[in-house]
Amino acid sequence: MVLFVLRRLVNLIPVAFLVLIVTFSLIHVAPGNPAYTILGEQASPTAVRLLDQKMGLNHPLVSQFGTYVASVLHGNLGSSLLDGQSVTSLIITRLPVTLELSVLAVALSLLIALPTGILAAYRPNTWIDSVSRLLALLGAAIPNFWLALLLVYVFAVTLRWAPSLGWVPLNVSVLGNLGHLVLPTIVLALPLVAITSRVLRGELLEVMHRIYIQVARAKGVKEWGVVMHHGVRNALIPVVTVIGLQVGGLLGGVVITESIFSLPGMGQLVVNAIFNRDYPVLQGSVLFMALVVLLANLAVDLIYAWVDPRIRYN
Amino acid sequence: MTRKTPLMITAATFLAATLAACGSSPAKSSTAPTKSGPVVGGTLNVGINSDFVTLSPAMSSALIDRQAFINIFDPLLKLSPTMQIEPNLITHWTITNGGTTYTLYLRHGVKFQDGTPFNAAAVLYNWHWEMNPANASPRRSNLALVSSLSAPNAHEVVVTLKAPFAAFLSLLAGRTGMISSPTAMQKWGSSYGLHPVGTGPFMFVQWIKNDHMILKRNPNYWQKGKPYLNKIVYTPITSPVQEYNALVTGQVNIIDSVPYQDVSSLASNSSLRSAQTPGLGYVDMELNTTVAPLKNVHNREAINYAINRQALNQLLYFGHAIPAYSQFSPASWAYNPNLKIPFSDTLAKQQLAKAGNPNGFSFNLLGDNSPTTVQEMQAIQSELGKVGIKVNIQPVDFTTLLTDAIGGNYQADLLGWSGRPDPDQNSYAFDTTGGSFNDPRYSNSQVDSLLLRAREATSQSVRKQYYNQAATIVLHQAPYIFLEYTPVIQAWSPNVHGFKIYPDGLMRFKNVWK
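Chains as they are written, first to last, in the working numbering: chain G, 866 to 1179; chain P, 99 to 612.
The hints are simulated quantities; they were obtained by calculation from the structure and are not laboratory data. Please read all numbers here as calculations on a predicted model, not as lab measurements. Ideal placement from N, C-alpha and C gives every residue a C-beta, glycine not left out. Just so you know, not all the hints are guaranteed correct.
As the list claims (entries may be wrong) - Covered stretches of chain G (in silico footprint by chain P; criterion: 3 or more residues with CB under 8 Å from a CB of chain P, positions within the stretch not fixed):
| hint | stretch |
| --- | --- |
| 1 | 871-880 |
| 2 | 891-903 |
| 3 | 909-920 |
| 4 | 975-985 |
| 5 | 1017-1029 |
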């Protein structure tokens, strides 16, 4: 088990390196230059050249990449071209917002998806199933920026139940913190609900027709036990897979949700870094997010073993 | 020196004022006016449409930064609501040697917020820093005409220019005139932009990017008794709808801009106050005059005639903008309301025939990828399509747009200019041969000489004549297609008092109380 985890962690290195190469190339292929962001409309060719020199952007790309990788290997993600703040500290200040939002969104999605998925599978083609299908359809089809504005209009502007935007840190006020996250969490959770509940329904429907379910019933196990212990547990593997895969999508959704709700998280950091061509900040945050996705997949593999005792990693 | 610049405050303000005077609706007794004077204390929550980029005036090029600067830094000269230059940290000045020597007399007894004395040495330190090429300051081009700086005594600065430059004083009311504490600049070095220290009414406390920026009252502000507010909290809200929502729900007390579609509902909302004034800026298309097909002046003029500016105004600005025909907005003393060209498909087609392509031509139009700009590009596309001109829309991000526009790597683009108080700042670098903002690479010796004479003349009426002549030529040669003068529209809650709207859109909070 330990060996398995170690091996997987070592495998992260080439993938991370690949991520570095791709991000580095993409941002440099994109037209534009951070000097223009800093100098604005006043950018004269001389001023741009001088600033490029100051930021080290006049060196050949390969040598810039080499310098960057060397500093990353020393644990230094560099610093922002715009204000000199260290990328590591920028990520550390942004992480709690995104982390809390993502965890809450996954939790909320499970809270809705598990019961609706189970009920829909247990009573297929009834009104419960139809409602759950409609919910899933809406969750998958509604663009999150539209849903965000709709929720704000109804619950913040009209009913005044929740704040329309902004962020209060947990250590300042727990209630304020949660209050500000209610709407963004719903926006982020709904697409997750859709896919999780559908996958669970499909899988559970199939499992419930297996012989061991009939055996359990024949042995006189209570229906609740049949569904939860024999049914759901065996249907969970694909659900866990889907949730793991959603981590990537979740980080994408965070970018839009954070912008609309003015939350100071990783998503806003990345968006601004792209617009300002702040190369070190962008590379550092994308590398970090890629590692999060990779680690989430590793976690999914480990959860498999926990969900299904037949799976053993040696 | 009389200057006529009408500050138009719209029906919205009058309506709001009338409602307040009438005691508002009975349901909302709290909005009834309490006619007392300014109150010290309180926190003002301010919504701004994007986050600050840097808080160092010497390194700033983003428009939004100026919202913070105007309250942290007191400019050397200030602007009145009609954009007239007024004394501030410079109490008086003399202009000698045919307009090339400026002697500036500084206010006594002013200190920076960190206790450093504000004096001639501080001013010189800032300007020398900005002029040093190694620092890559966007202010450097503003000081390009300076040949020498000296300080005969602690409160006198003598600036010698290489040539007469009538707009020099106007620069001192902007970022070039916002002086930082030399102590703080030395202490923080390249991260000074995160720790600004000025002489203004409010001092910097904290900036958490994309979240908020806090200023607090400067207890040692040179103007005794000011400011009134204890604290200002700026929250960047990039979605215009959300910024407006934040005002409606009371999360912020004042916002720097209002979405055009909400302006009319705002006027009828008795629980909000608002004001509108023509801004200094405009939206325009830049046409690259060095590449075909827009190299041909008749093709450019065809575009000029074929665009229905009224329709664009109704469609995109809900009628709140003003059709533009020059670089001088109605907020500028150089504005000429009679300078315009008709909207006419017939005239456009005549120009196309003269250009030798009676059936039209096609070109690529570059613009930033914000929804508003894309909409405007689509409207232009459909307008020009009617006379056979095919427009290929290319939305890109703003940095790419700037890079391509400055580099001349484009056929046409849709940009805007936020505008500056002096007409020179809105025309010279844009229209003269080789000018630093001359993205269309336009060159006309007559325009060059008119604009040069305008910057060297001292009388405003003479300058206005030159600007008019130059603007007429530029309008008909069409290196730019001016589309709309954009208004400044700001709104606040009724508990905010003493706020005044300015054509430059900067929210000055020195006289505001809650």
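Task: Hints not upheld, ascending by number - done: Numbers 1, 4, in rising order.
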